[in-house]
Amino acid sequence: MTRTRFFRSRTAEPDEDTIPTTNRSGGGGTAMRIIVPLQGVVQGRGGLFLGSVIPCALFYFFQLYLKRNRNDQADSDDSNSQNQAPPSRSGSEGQLNELSVFTRSTSRNLVSPRGPSGRAYVSSRANGIVKSGDSPYFVGLRKVIEDPYDESGNPNGVIQLGLAENKLTLDLVEEWLVENAKPAILGGGGEELNISGIATYQPVDGLIELKVAVAGFMSQIMENAVSFNPSQIVLTAGATPAIETLIFCLADAGNAFLVPTPYYPGFDRDVKWRTGVEIVPVPCRSADNFSLSITALDRAFNQAKKRGLKVRGVIISNPSNPVGNLLDRETLYSLLDFAREKNIHIVCNEIFAGSTHGSEEFVSMAELIDLEDSDRDRVHIVYGLSNDLSLPGFRVGVLYSSNENVLAAAKKLTRFSSISAPTQRLLISMLSDTKFVQIFIRINRERLQKMYVKFALGFKQLGIKCTKGSGGFYCWADMSELISSYSEKGELELWEKLLNTAKLNSTPGSSCHCIEPGWFRFCFTTLTERDIPVVMDRIQKIAETCKSCS
Amino acid sequence: MAKALLLFVRRAFFFSMIKICKTILTLANLIMGLEIEQPTVGLSKVAVSETHGEDSPYFAGWKAYDEDPYDELENPSGVIQMGLAENQVSFDLLEEYLEKHSEASTWGQGATGFRENALFQDYHGLKSFRQAMASFMEQIRGGRAKFDPDRVVLTAGATAANELLIFILADPGDALLVPIPYYPGFDRDLRWRTGVKIVPIHCDSSNNFQVTPQALEAAYKDAEAMNIKVRGVLITNPSNPLGATIQRSVLEDILDFATQKNIHLVSDEIYSGSTFSSSEFVSIAEILEARGYKDSERVHIVYSLSKDLGLPGFRVGTIYSYNDKVVTTARKMSSFTLISSQTQHLLATMLSDKVFTKNYIKINRERLRKRYEMIIQGLRSAGIECLKGNAGLFCWMNLSPLLKTPTKEGELSLWNSIIHDLKLNISPGSSCHCSEPGWFRVCFANMGEQTLEVALKRIHNFMEQKKTETN
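Chains as they are written, first to last, in the UniProt record's numbering: chain A, 1 to 550; chain B, 1 to 471.
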């Protein structure tokens, strides 16, 4: 009976990646496999005890012996030495960027050396990539580049609704730069130029003045509800390396993180690619407005554990991408409790914190850890200037943590992704100009709200439901009524129609790992108000053709 | 009914047994000193490993400098930093350029083009910048090799470029062959997160530390003996810490070796613009061109502006690969280490100005050569010999006659006294994994001439003292 129970639990996760069964200390599950057959053998009182302890102990010691030997040989981690690379791993590495729509069945294909004339070997990481080539993300991007929409010049071009760029408030930044850029970068005030200030080697984790300025900016963004300590900041060249560096610090290859879906497609690359760490998706449903459920997290944690995956933490985004939800205080507290109970980390991606546009209050994870001393070591925040300050090109990301060891390691790791010194200098000036920052934050929020309301209204008028978003650059729209078959295939067909016929580049929900087909993510911050009717018009045309088909 | 109850009791018993087992084994783990389930939330192996190497003497010397830095006026008896390979001899040329061309740093009047630049996060990099880099690399090689801008992949510094390449060329547990002595940072850059090993190619002073085919074979065999798969050879040309270019025949040998074993060849040419005379540097690109690019997809070049232009703070590195797959993958991976678009714009303007670059390269070389001669003379008059160098920002000094014992310990104790008595931070050969003790790397381009004089004087006095001691 116990055996049947084990099998039942194994089939309970149809949509999870296949995970390699390696010699992991699998706790209850694996031990059971040994004990159950032996149970019948051993009779009597003491026998039962010995019958379970001894084989269990032997099994574990055997594993440790193997582990030790493997370590001596290869000096590498368990899962790394598994050369039968799990199809899931190389496949998902293949779809490394934004959209991993085509699921994970590509097996590892070595370009094996055939001799002196053979082609030299390239690692499994590289092999996966090259096959991905034409994922929807790239196809869409290419189409936009080839035929970009322009109101006057190219009114029939492809409109970009798939890339998170905030063009709404760039003019303010531009204005500031025209007045202040030169002295900001090269120092001056009329004196002779001195380049050694920006040319020479700087601390790899960023200039202290920039850390101070960024800490102040983050506080301002969050309406001074919390103050950030500059010495707990590690600066990186964008939020992308900030997340990757954090994952490198918190987990070994083969470990896993729980991530509520739908999630930012870039996580597949940032969290998994070079680190070898897995993502365990935690599905959220439209019925709950895609809000985070601790029960679902718990379930996913236990399922992962049964499969022998060591879960190291949870990654949440607040405001979330793509849905645009804010996590309320209660949920954050429950999350903290959950993490404490399981003794895992929380990585909180707050990169859209300054781009909230609803009436809901934004609560940063930092607020909570200010109060709870015991949890300071497990909470880490990722931030960046790409979205809130419209400067993705400048590459400024922030890793914020109270965990001394994480900070120490991250400070060393960030040498592989440091921010360029002239950019640091420029931003020190800009962010220290608190008056400018105040005006910018306010106007940015106003414009975002205005755009969002108009955009969401447009969808409403078409009869397409959007989730109520409170932050971020996206409308998360339910177009399931327009898809021919309620499946990923149907969704992709609609996506293609949108791209090739309606000439709109959007992000299909499957790239965000949404379990309900038919949801699409549309970015509205690259548009002007006049573009909205154009977009809605095109969607309407598609909607009509779809309705007549189905 | 009773049966079901019994079954239930047994099951409960099992689960509690399993819990007990787990605790016993956790204790066993503790006793055996292996990984423990920490009561505090755990970190990764990468985070707690020592592979960052920052506890080696190479970096310890820097600490001594940080605590007591030399300053001409404020602290004339402080530690002089001679362990940092930075090029400060040509800053004035850069400053002059930037003064005259402010549109480089400020996107011109009215900041036209700013918007596009601020939003630009394409990992292909600014086309104008890639073109400028390719042409700059050609100029450095005197036009003897061509570079295709579409093969240029941009990274935030050569540190990132090296690591990225290794992520692509090798799997964890594989090995790279690297000639010793090598740049101490390689231990961290090539190994830490990648999980790849370094197997040294032994070189010694008998032939000026040149790589020989025998040494290459021996290193390969060493790796085989340890059951490790070799994925490539990584050379630095001009060499750090030797301060000398690799000869054409040696490059040919290395390329032949790589071809024969079907492995990669990474050539870190970060000091290519810092050769004292243009004609003495032979790039692997030239060799490939001479061979008609046959079998070139195993070759990759790493470059950066940190040394030649003296702009390490800008974080500009590149990978130039002759392998399409590597270029595509590296490009995508460079998302983790993009160069600020502002910096790309600034440098694109500067490096496209061929008049400026030609002049800069020439003058920079001259000044470096002069510095080198100054330090060599100074050391010679103090009775110290150096390896014959022709490139780089440092010289490879031989202090083996001064060692009390010809061992690593002897070298470190000498190094200690140099730091504490002479107050000079130089890099001991052991941190560069040199097989012969007593060699030291001394940087000369990261200071003004006066400071260099002071350093030479200190060395002179030290040697005089040693002479009187022995007499």
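Hints in this document: simulated from the structure, not taken from any laboratory.
Just so it is clear, CB atoms sit at the ideal spot from N, CA and C, and this is done for glycine as well.
Treat each hint with caution, since some may be false.
Distance ranges between label pairs, derived from CB positions [to be verified]: (1) B:Lys408 to A:Asn224: 30 to 40 Å; (2) B:Asn227 to A:Gln63: 18 to 28 Å; (3) A:Asn343 to B:Glu453: 25 to 35 Å; (4) B:Leu412 to A:Asp373: 51 to 61 Å; (5) B:Asp122 to A:Gly197: 21 to 31 Å; (6) B:Lys229 to A:Ser484: 16 to 26 Å; (7) B:Lys229 to A:Pro183: 49 to 59 Å; (8) B:His101 to A:Asp147: 29 to 39 Å; (9) B:Arg11 to A:Tyr65: 51 to 61 Å; (10) B:Glu373 to A:Thr434: 47 to 57 Å; (11) B:Asp122 to A:Ser334: 55 to 65 Å; (12) A:Asp373 to B:Lys100: 27 to 37 Å.
Hints versus structure:
A hinted range of 30 to 40 Å for the beta carbons of Lys408 (chain B) and Asn224 (chain A) is inconsistent with their spacing of about 56 Å. In this structure the hint that Asn227 (chain B) and Gln63 (chain A) lie 18 to 28 Å apart at CB holds, the actual value being about 22 Å. A hinted range of 25 to 35 Å is violated for the C-beta pair Asn343 (chain A) and Glu453 (chain B), which are about 60 Å apart. Checked against the hint of 51 to 61 Å, the pair Leu412 (chain B) and Asp373 (chain A) fails, with Cβ atoms roughly 43 Å apart.
A hinted range of 21 to 31 Å holds for the C-beta pair Asp122 (chain B) and Gly197 (chain A), which are about 29 Å apart. About 50 Å separates the C-beta atoms of Lys229 (chain B) and Ser484 (chain A), a value inconsistent with the hinted range of 16 to 26 Å. The hinted range of 49 to 59 Å is satisfied by Lys229 (chain B) and Pro183 (chain A), whose Cβ atoms lie roughly 54 Å apart. For His101 (chain B) paired with Asp147 (chain A), a C-beta distance near 35 Å keeps the hint of 29 to 39 Å intact.
For the pair Arg11 (chain B) and Tyr65 (chain A), the beta carbons lie near 30 Å from each other, so the given range of 51 to 61 Å is not met. Between Glu373 (chain B) and Thr434 (chain A) the beta carbon distance is about 53 Å. The supplied range of 47 to 57 Å therefore holds. Evaluation of the 55 to 65 Å hint for Asp122 (chain B) and Ser334 (chain A) yields a failure: the beta carbon distance comes to about 40 Å. At about 56 Å, the beta-carbon gap between Asp373 (chain A) and Lys100 (chain B) misses the expected band of 27 to 37 Å.
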